[in-house]
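S.K.: The chain contents come next:
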Amino acid sequence: MSEPSTSEPGTYELAAGSAVGLSGRDGPVASRGLPEALLVRNALWFCRRRWVIIGILLAFGGLSYVPGLFAHVGWRPDRLWPLVVAAVLAVDNTAFRWHARRLAAGKGGAGARSNLWAQIVSDLVVLTVVVHFTGSLETHIPFAYLLHIVLACIFFSRPASLVVLGLACALYTGCVLVEWAGLVEPTGVYADDVLRRQLLDRPRLLATNVISAQAMWLVVWYLASRLSAMVRARDDELAEANRRLSQSLRERAEHMLRTTHELKAPFASIDANVQLLLKGHCGDLPDEAVEVLGRIQARSRRLAVEIQEMLQLANLRSASDQPPPPARLDLADVVTACLDQLDPSARKRGIVVEKQIAAAPVVGVEDHLRMLLGNVLANAVAYSEPGGRVRATCSPLPEGGARVTVRDDGIGIPADKLPHIFDEYYRTDEAVRHNRESSGLGLAIVRHVAREGGVRVAVTSRPGAGTTFDMHFPPRPPMGREARP
Amino acid sequence: MANLMIVDDDADFAGAAAKVLQAAGHDVRMELDTAAALARMEQAPPDLVILDVMFPEDNAAGFELARHMRREGSPLAQVPILMLTAINVKFPLGFGSQDIDDIWLPVDDFLEKPVDLDALQQKVTAMLAPP
Chain A
1 MSEPSTSEPG
11 TYELAAGSAV
21 GLSGRDGPVA
31 SRGLPEALLV
41 RNALWFCRRR
51 WVIIGILLAF
61 GGLSYVPGLF
71 AHVGWRPDRL
81 WPLVVAAVLA
91 VDNTAFRWHA
101 RRLAAGKGGA
111 GARSNLWAQI
121 VSDLVVLTVV
131 VHFTGSLETH
141 IPFAYLLHIV
151 LACIFFSRPA
161 SLVVLGLACA
171 LYTGCVLVEW
181 AGLVEPTGVY
191 ADDVLRRQLL
201 DRPRLLATNV
211 ISAQAMWLVV
221 WYLASRLSAM
231 VRARDDELAE
241 ANRRLSQSLR
251 ERAEHMLRTT
261 HELKAPFASI
271 DANVQLLLKG
281 HCGDLPDEAV
291 EVLGRIQARS
301 RRLAVEIQEM
311 LQLANLRSAS
321 DQPPPPARLD
331 LADVVTACLD
341 QLDPSARKRG
351 IVVEKQIAAA
361 PVVGVEDHLR
371 MLLGNVLANA
381 VAYSEPGGRV
391 RATCSPLPEG
401 GARVTVRDDG
411 IGIPADKLPH
421 IFDEYYRTDE
431 AVRHNRESSG
441 LGLAIVRHVA
451 REGGVRVAVT
461 SRPGAGTTFD
471 MHFPPRPPMG
481 REARP
Chain B
1 MANLMIVDDD
11 ADFAGAAAKV
21 LQAAGHDVRM
31 ELDTAAALAR
41 MEQAPPDLVI
51 LDVMFPEDNA
61 AGFELARHMR
71 REGSPLAQVP
81 ILMLTAINVK
91 FPLGFGSQDI
101 DDIWLPVDDF
111 LEKPVDLDAL
121 QQKVTAMLAP
131 P
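Going down the list, the sequences are from chains A and B. Yeah, the first sequence ends on 485 if you go by the working numbering, and it's all consecutive. Yeah, the second sequence ends on 131 if you go by the working numbering, and it's all consecutive.
The shape of chain A in the complex, shown without the other chains (with noise of 0.2 Å):
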């Protein structure tokens, strides 16, 4: 329950409208971050990666110990820092993964920027060790640098992933440096180490080397990074442009419900005082007054109808885009709602409803299919002689989906009106004089719910022996719907 107003003075601003579009690509989405479920995604995605470094290393360390196997390419690794390289991976990748799962599991917080920022730098840090005994400076290894600036795009903001290169680029130099200073004895893959003393050895030839690098890691990073915002940026669109479109949804749904409401409630109150009338609640009123009543009472429940079909059909055309999710249902619950709706009216004018229905399983959108057969049924109450028969029969059929058949004894259409019925507002000559009551919408309704869910309709008539609808449900709707469970 709502808390009771109070008397107190209030403010209201109406927000500004947003006239925002939907561009604004390169705007300040440009420089955001994935949202927090896309990164820890990502984080365990980087994780498993991993696992396969990991085995690349062991594998690596492994055959290192098959005798000739390397110095058969000129290569002569040491056999101890793939193996311990491997192992502290390992154990890095163990403490990511299960702090990446805690947050998955939402009991960790919002930390998955930090978990991706600790592997991105402990894979940087971890990497410049493998430099060093790759071979800093006669490799390519040091290009391996450019996965992790990519990937840095990819998981954060251009600022960030500029961040990440300047890292990796300050690991490489210091790397350089420290083996051109001798502080670390230079070693590498490479069984002969010529290239390496000769560049160790010029300076300029060296700074050049590791600076045209660098340079092609910032290309590539400029590049990325700039994809990246404008893939991020189109995501953005799109949720953004997702989230108008299901709010429209809503707003149009609960707008068709207040419209139906604010219109069928005045005629509820019509309806009501005049039966009040009606019934000598007020006092005896002269027969005329009666009759005249009556024709009130008559015209404004027709009309609640007319308004009610109007709007369902205004709605299911609006819905054509975004029809409701389907659901399993059983059509014979269906039909037997719609009769069980119609009984009263069949009674009153003496018509015979018999039935023969069996369960029948499909996937549709319930209110849709209970138009669809409400119609139909009320139409052949409606257009049978007062004492007539109207059977309906429902049936599942053995390739899946239901046939509905509905068959009455009325007034039957002419031949070449048969192709008309489905208009809006279109009725026969013989239907007016017959039916005044009726809004000519009914089978254009019927119509629409038919072609949105993929339902065969077959009318066959004679004119003064009555008509039957034949209708195939399918098991499911057309492509594209999901059904609820």
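Hints were generated in silico from the structure; no laboratory data involved. Just so you know, nobody snuck in bad clues.
With a Cα cut of at most 30 Å, we get these calculated DSBU-like pairs of lysine-lysine: (1) A/K348 x B/K123; (2) A/K417 x A/K355; (3) A/K348 x B/K19; (4) A/K355 x B/K123; (5) B/K19 x A/K279; (6) A/K279 x A/K348; (7) A/K279 x B/K123; (8) B/K123 x B/K19.
Footprint (simulated), chain A over chain B, 3 or more residues, beta carbon under 8 Å: (9) 19-27; (10) 112-120.
Cβ atoms here follow ideal geometry from the backbone N, Cα and C, with glycine treated the same way.
Chain A is already provided as a structure; the job is to place chain B on it using the hints.
M.R.: Frame of chain A; chain B shown alone:
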């Protein structure tokens, strides 16, 4: 004779329904919004509540009031509720008798507007009858 309360924002409809039920010998109170209805009910619980679904401030205020009455420990938990709605079963808020359960829609019965006043009177009599 029973004490009935009609909670409906449409005074014309509520007045007509009240007149018929008064003619049947019941004492009928009318409330046009759910907050006022709840306040009056808590002072003097009625024998039966006839409740509309949609109110100007809230499309589901009738549901909310019904759930509030049925909450655990409420002195109104046993008061029968007959719900009225102008929304046809074919619309998204539509519900059928199979939907009347203690959790989703805690009411005892419902009628669709426009209401046949004789049917309303019969429902009320049936709901007030001892089980």
